[in-house]
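Participant: Listed below, chain by chain, are the residues.
Number of protein chains: 2
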Amino acid sequence: MSQILNDVLAANQEYVADFGDKGDLALPPSRHFAVLTCMDARLDPAKFAGLAEGDAHVIRNAGGRASDDAIRSLVISHKLLGTNEWFVIHHTDCGMELFTSEIMGDLLSQSLDTATVDENGWRDVGEGPGSTEGRYINWMTFKDNAASVVEDVSRIKAHPLVPNDIPVYGYIYDCRTGALVEVPEATTAGKAA
Amino acid sequence: MSQILNDVLAANQEYVADFGDKGDLALPPSRHFAVLTCMDARLDPAKFAGLAEGDAHVIRNAGGRASDDAIRSLVISHKLLGTNEWFVIHHTDCGMELFTSEIMGDLLSQSLDTATVDENGWRDVGEGPGSTEGRYINWMTFKDNAASVVEDVSRIKAHPLVPNDIPVYGYIYDCRTGALVEVPEATTAGKAA
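Chains A and B supply the protein sequences, listed in that same order. One point on numbering: in the numbering used here, the residue at position 122 of the first sequence is 122, and numbering is uninterrupted. One point on numbering: in the numbering used here, the residue at position 84 of the second sequence is 84, and numbering is uninterrupted.
Pairs count within a copy or across copies, as identical chains cannot be separated in the list.
Each computed EDC-like pair below joins lysine to aspartate or glutamate, with the alpha-carbon atoms no more than 16 Å apart:
no., residue 1, residue 2
1, K22, D174
2, K143, E102
3, K22, D93
4, K22, E53
5, K143, D93
No wet-lab data here; the hints were simulated from the structure. Owing to the predicted nature of the structure, the values given are computational and were not obtained by experimental measurement.
Generate coordinates for the entire structure from the input sequences, incorporating the hints supplied.
Facilitator: Here it is in structure tokens:
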């Protein structure tokens, strides 16, 4: 068995042993809100936003982007499970600022193996084969972190399946300090009607 | 200010006060793996899988489905940030088992407000207006939890941008006990080539 799999299952056994009465929690989030944020390993939304099990939906993808899939999740969150306030939280030092869709397409066409990066940019060290399929995917990179939060909040608010009265708060998590820093233009864009 | 926003920011201040040396964590996940799971409020992947900040990517959407967006995130996770083992973790009592794309389309066409559910099924109590846009979205519901894990692991393994040598483990989180229960057919489908 893989060491990682072994470690995850061992940690899970400890969690189960101390599970308490969490088995009684209801499906709908008890605090009626949802968080959309990045998959980045340094982010622990439950810890940085004070969530206990059962409190809130957490949606995560590369960049914390308001992709169609994130909006699918948010609409389910409100329409079927009653959340009525949403957070969009990007973060400093995000990997999505370090490449472009063109770079990703080029790297994947060379090999599927993990590339390396240094001050000269990305370099593929894999042996291949690669695939040109990466050229048909929008990788949803961005250059300006605050602008990306504004764009994502605006896209959510403009969606025809999102009610006007759901406020959407735009924030950037600072990976150096753990702090949530407001993006005021995003929060303004995300105000309830 | 909303009570929820106030509470989240207060919890964040406590997190910042006790942040320690986590500001030095590197961008790539130190334990080189990624987890794809559901947005469900009862699931805390860091707790149930034993993750500290910096350890692993966590991708979450409604159902923990291997959507195009989840695959976008997984490919970035491996190609640029070096993860080389992935988990797909669905869970018992998932909301995605309680409706169909047709039901969701009907409900949203009546109103965008939160619907109610009882033994007679979903019922829209909103005042409208609704939108027929929901009929153009695949909501990615499922009826058989284990089968959905097998499907998602199989889709990931079959993707042209996913290297053969990445093992993908299929599990179901039991909301009553906190336990991760293997879906053996999924893990077999997810084995490294």
